[in-house]
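Participant: One letter stands for each residue in the lines below.
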Amino acid sequence: MTISYSGNFCRLLVRWKGSIWKACWLELTYFLALYYIMRLIYNFVLPFFDPDEALRYRRTFEQLSLMFDAYVKEIPLTFLLGFYISTIVTRWWTQFENVAWPDDLLSLLCVLMPGTDKKSRLRRHTIARYLNLTSALAWRDVSSKLRRRFPTIQHLVSSGLMTEEEHKLYESFETESVRWFVPLHWVQKILVDEINDSKPLPSLVSQFTQDLKMYRLCFRKLYCYDWVCVPLVYTQVAALATYGYFAFCLMGRQFLDPAKKYKHFEVDFVVPIFTIVQFLFFVGWFKVGQDLMRPFGTDDDDIELNYIFDRNMQSSFAIVNAVEMQSPSLSEDNFWA
Amino acid sequence: MTISYSGNFCRLLVRWKGSIWKACWLELTYFLALYYIMRLIYNFVLPFFDPDEALRYRRTFEQLSLMFDAYVKEIPLTFLLGFYISTIVTRWWTQFENVAWPDDLLSLLCVLMPGTDKKSRLRRHTIARYLNLTSALAWRDVSSKLRRRFPTIQHLVSSGLMTEEEHKLYESFETESVRWFVPLHWVQKILVDEINDSKPLPSLVSQFTQDLKMYRLCFRKLYCYDWVCVPLVYTQVAALATYGYFAFCLMGRQFLDPAKKYKHFEVDFVVPIFTIVQFLFFVGWFKVGQDLMRPFGTDDDDIELNYIFDRNMQSSFAIVNAVEMQSPSLSEDNFWA
Amino acid sequence: MTISYSGNFCRLLVRWKGSIWKACWLELTYFLALYYIMRLIYNFVLPFFDPDEALRYRRTFEQLSLMFDAYVKEIPLTFLLGFYISTIVTRWWTQFENVAWPDDLLSLLCVLMPGTDKKSRLRRHTIARYLNLTSALAWRDVSSKLRRRFPTIQHLVSSGLMTEEEHKLYESFETESVRWFVPLHWVQKILVDEINDSKPLPSLVSQFTQDLKMYRLCFRKLYCYDWVCVPLVYTQVAALATYGYFAFCLMGRQFLDPAKKYKHFEVDFVVPIFTIVQFLFFVGWFKVGQDLMRPFGTDDDDIELNYIFDRNMQSSFAIVNAVEMQSPSLSEDNFWA
Amino acid sequence: MTISYSGNFCRLLVRWKGSIWKACWLELTYFLALYYIMRLIYNFVLPFFDPDEALRYRRTFEQLSLMFDAYVKEIPLTFLLGFYISTIVTRWWTQFENVAWPDDLLSLLCVLMPGTDKKSRLRRHTIARYLNLTSALAWRDVSSKLRRRFPTIQHLVSSGLMTEEEHKLYESFETESVRWFVPLHWVQKILVDEINDSKPLPSLVSQFTQDLKMYRLCFRKLYCYDWVCVPLVYTQVAALATYGYFAFCLMGRQFLDPAKKYKHFEVDFVVPIFTIVQFLFFVGWFKVGQDLMRPFGTDDDDIELNYIFDRNMQSSFAIVNAVEMQSPSLSEDNFWA
Amino acid sequence: MTISYSGNFCRLLVRWKGSIWKACWLELTYFLALYYIMRLIYNFVLPFFDPDEALRYRRTFEQLSLMFDAYVKEIPLTFLLGFYISTIVTRWWTQFENVAWPDDLLSLLCVLMPGTDKKSRLRRHTIARYLNLTSALAWRDVSSKLRRRFPTIQHLVSSGLMTEEEHKLYESFETESVRWFVPLHWVQKILVDEINDSKPLPSLVSQFTQDLKMYRLCFRKLYCYDWVCVPLVYTQVAALATYGYFAFCLMGRQFLDPAKKYKHFEVDFVVPIFTIVQFLFFVGWFKVGQDLMRPFGTDDDDIELNYIFDRNMQSSFAIVNAVEMQSPSLSEDNFWA
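Protein chains in written order, with the working numbering: chain H, 12 to 348; chain A, 12 to 348; chain F, 12 to 348; chain D, 12 to 348; chain X, 12 to 348.
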């Protein structure tokens, strides 16, 4: 489920679900473990082997540390992540915008087939079901949550979304590749029958087919986004820069012996507080990208297709049934002059 | 209400409403309070416990201060905020663009149903009311100001936007989720009646249903923006960087004893003027983001849905009534050759 | 008038109208005046009070100057302005794109109402006038230049754009808010009459109403851009950073006494040439933003709505009159095989 | 084939296909070879000619090295690459979005020509073939993979996509420039025949021609992107900056003799680990751009037009054949109330 | 002609046409000439007047040089150019996308007027000619190359694009401003005649007028882009920063006497290799912007409207003639099941 939030700075920071803390705690633990191992080596292991510094082990460690510290400053992590995350965030939002809602198609259907006889009702009802069936079929391949809910087509049949007859027809559709668009063809067949039976307004018919195309397009776009990721090299560049940065920090941010009087190392803090803060926001930022790259997964911040699917089912049938509802009578209201 | 402004630099800076001063004064006060507490500790508390600096308390403080100052320079706040705020500003403007105006639909209606008999007038009038009713129902869930104006559906009834009969039908609509689109279905029913009665141009009918879809879409998009925020982690990263920066500044920007002759600390300014300026523009910039993330709230700079709603109501009825107005007679004007 | 330009670097720099020199000269003069006052204080006033530097006045000045110089380097003006100006430039161009041109609507009209009798001619002519009347009414509220040209509605009447009869009907339109769209309703009435009289192709009718909607939309968008600016805080952040930068420069860029041998202060330049160059491009850049924020004002670089309005008037009538013009006879031309 | 990936940091980094390692290993090898040659010169060749440093050869080398190191820090590679790669990534995705899918056109065709007699079936079938023939003809000029598959038009004939008769007609089309759009004209001819024969709904006809235009547009856009690249100068600027950076690194990142005690050169690392990491991410990032600039080539990460073509062929015929399939009977399903 | 290119780094860099070398060689020559004049002054002129450095001329020069070097580092050229060039590149591509192709309109025409009698053929042929005539008329004002090809309207007549009769009618069109859209009105007249004669499908008629509008729009947009440039101040800011940078480099990058032992000036390189590289990429980058700002000029990298015009002419007539071509007979192909 996506995380809704608002409020001031403090309330924002103490959240756990979908938060930076949850995203980074494991990696931060690893990082700190390694950091303190290095610290132990510097403070206890090296002096043990080299008590009077005759072998210059600690010296070398210190000089390496200073070199790494200088290196670290030259890694331009912010821009790299800035450009990378911008790209990902744009993709993520476009994917969300391509989640299909059947409401518009079904509302139009109520004008196109306004009949209240049983055949019309059945047609509208079946079209509503087919639209949702399509989304179930298509989203299964994109979202791990929906895949878990309907592991096989048979699960769709047992949930009532698909009849046995439809299942057989679906399986007989002659293509190796994806078949999720088959129910939309059945929708078209109902439309052709309706054209022959009731002669609806031609302009509404073409509007309906156009909207049907947009509906189909939404699913195909999700497939495309799922299929063609941000190029692997780009992600690797970002990962390498982020994790490389902190690998260099392991050495470069050690507190050196204050007695040696290296510049900016006059005090031993024990806890590398600044590095931790940096770790949180750089790794946190990079994690934003990793999470958003697959927006229909099982992360806290992922878009909840399961919920959208249930909501669509419910409102789809409600919309098509609304045709039979009594509509309010026209009356002179308060604003009638 | 959004803040309109123009004029030169000075007039710009002395504004209060919606200004950086109003946005930051509280946080700046906290910051300065903490800053001067630290200063007191450095200048009076530490010397009290350690009069002749034998315990090196002040020394340590000074060295910590120099370290933090060095750290602060490495936090790339500008880019982070630059990228973050760009994303937010884009979202904010898109949300504003999705505020629905009924004018276009109602203007089209005047061509579609140009009749001047009472039934036609009533139909146009009721459609105008339904369009505004929809926006009242939908914006209640998005804007805290509109929610305050219409805390319950009953308030809509008593304001005359909804009749009692409509209220009952509305409540009987069978769905658990949002129901704001119900009045648009009533609009469609009136349209179907009109098609049966007067046979309007089919191309205009489909244009009307298409515009009705766009109208519905505007509300759904606002819902989507309201539902799926910028990922929490991203906001936390920005908050952590901004506030972390100034937390480090509390130590790192203290004026150290000039007698110690640290570089760049030859003069004690008392007022950390540069840090205050930085605070104003970094925290101010971050606040831009926080305000714009919820553009329909109660901040000074938020979009005034209440005003838009009133304006829409008024011009909606004016537009549909204009059909009955006399239109100017065709005449040979000055430009007639 | 917008500034057209081309050519090489030198010709570009020596322009005055709409140039960086014109934009910045006043502020640069102020800056330099203050700068030289500071210089006088340092070189003459302080030594006067403190001839042998016993009071260390000059010392303190020098140390402050060094501190400010260090501060100035930390203000990340470029990014801030980069992001800010990007946002403004995008808005500016969108506003320009929403300047409405009646040509498309009127060209379509020539196909929709191709009659050459007087009534048809009058209808086309009047629609052309109404479209321009709408732009005059709407742009008055957005552009200070057009407002100056037509300070009141009565000026529109006396210019012949509006007849007295239309003026009275316009004033009787029942709304408190803007009324510029009223002539578009009259256009619709003429359209309805034409539909009843001549039965034009329905698909062309709906295309015309759709284009009419786009035409109306252009004006509404300009209103929206005029109404909702870039948030004030954002502008203040940019202004504060830009002017704060140069306020710090007043101290930080003083040439200190070369005899004191401060690093990088071995020579006294008298003219702070580098700071002047920086001033020109930072303040110039910020001015780009200020000018473009109100693209229909009276700045050199503003879009010339007056000119566009005149051009539209002229070509509008030319287009509708062209229907009566003889069209070239079909003939076998050079390319006829 | 584009590279799909997911998973955590480690699994991401150990991939080979489409990875940063594969993209950079050759250039990294060259770089390291040159680097160690320089090292040999410094450590063995120079001392050989100048054993007691009397000629100051090593001194000069060291001073050059320090100068280059200082230079390297001033090359703002990250921004340059950031802006450059952003532009390329946007272009790449737009190109992918302009890969044409015949599904929408053919689905519409099933409503437009729903006949099940042989002539209708043949017409639908032929249109499906023509659409794919067009993509084969057009993509041949854009994608080196498809060009390899169909080196000549004759290959298209032998694959059955084009009959001999069509080939002759195709060749007789009188134009020197590209001719890939010819089959779309044949589609239009079939459409005209169908209009004359069966009087389909006019609104569906115009929707079909509109979609046909969009289909044609997709190919033309790919041509345009293929024809007009990012300006050469821009690419050269990016290449020069990237490779210039590492050319300077060859000298500037040599480990100088620790005995000389240059700052940050106290330890001789032998392996320039930091420079290698930098090389990987800068050159890797630049390679992202080079690969994506020609998205239909033979790189690992290129879009697999061959696969898309096969998939389109298969689903095209499946869709048009689906008209004859039995459609499921309307029945009261589980959700029927 | 735009420059197509591909291939690896080396082949990319050795190109001349449209390359960074061609763009910058002249300015680089000037820069180096000035640079070496400064060098001569420093090394020969100053010592000549001041042989024993008693007058401190060289000293002052050296200190100035160090100051300028420090200044140069503070000019944030990369971001400024990054943001500026991004804006220009976006404009450039949009302009290219608004180059109008008549293919779509003419393909639609083949469905709209499928007649094969002489009158229909002549109408189609003439419409094709008018569309190209429009582009010739409009592009003349935008592109210097097309202007050179058709310096006057009479040249269009003699090339056969316009008949004498059309020329006279064209000149009689009553407007002072641009008249390029006149042939599109003649197209509309032919359309109106066709409507009266043959009653084509109304939906196709409105699609044709809509596409005609898009065609007209393309030219108007090019006019707008040609008329309203990027604000002059913005370009001046970028120019000033770029050239100011290298003006400061003239002093700041001089190799000072190694004997003086200034830091980083231990070796005299004679050739300022690093500055040359910087010059190439900064000035080259800026030149990208200058070239793309006028994309239809005579630069190497400009879009070749002449070529597009010839191609359009040829394919226009080919498309309309194709109606009379025999179309392939429907046959059961290899894929027929």
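Don't read these hints as lab results, they were simulated from the structure. Check the hints yourself; a few may be wrong.
When chains are identical, the list treats them as one kind, so a pair holds in a single copy or across two.
Said to hold, decoys possible - The list that follows gives simulated cross-link-like pairs (lysine to aspartate or glutamate, EDC-like), each with its CA atoms no further than 20 Å apart:
hint, residue 1, residue 2
1, 224, 204
2, 274, 85
3, 210, 311
4, 156, 237
5, 200, 175
6, 274, 185
7, 179, 64
8, 271, 73
9, 224, 208
10, 200, 343
11, 129, 344
12, 271, 237
13, 224, 182
14, 200, 80
15, 179, 279
16, 129, 222
17, 129, 38
18, 271, 182
19, 28, 128
20, 28, 237
21, 224, 277
22, 232, 108
23, 200, 176
24, 28, 63
25, 130, 176
26, 33, 311
27, 232, 315
28, 179, 128
29, 274, 80
30, 200, 335
Nothing here was measured: the structure is a model prediction, and the numbers come from that model.
Participant: So which of the earlier hints does this model not fit?
Facilitator: 3, 6, 7, 9, 12, 13, 14, 15, 16, 17, 18, 19, 21, 24 and 28
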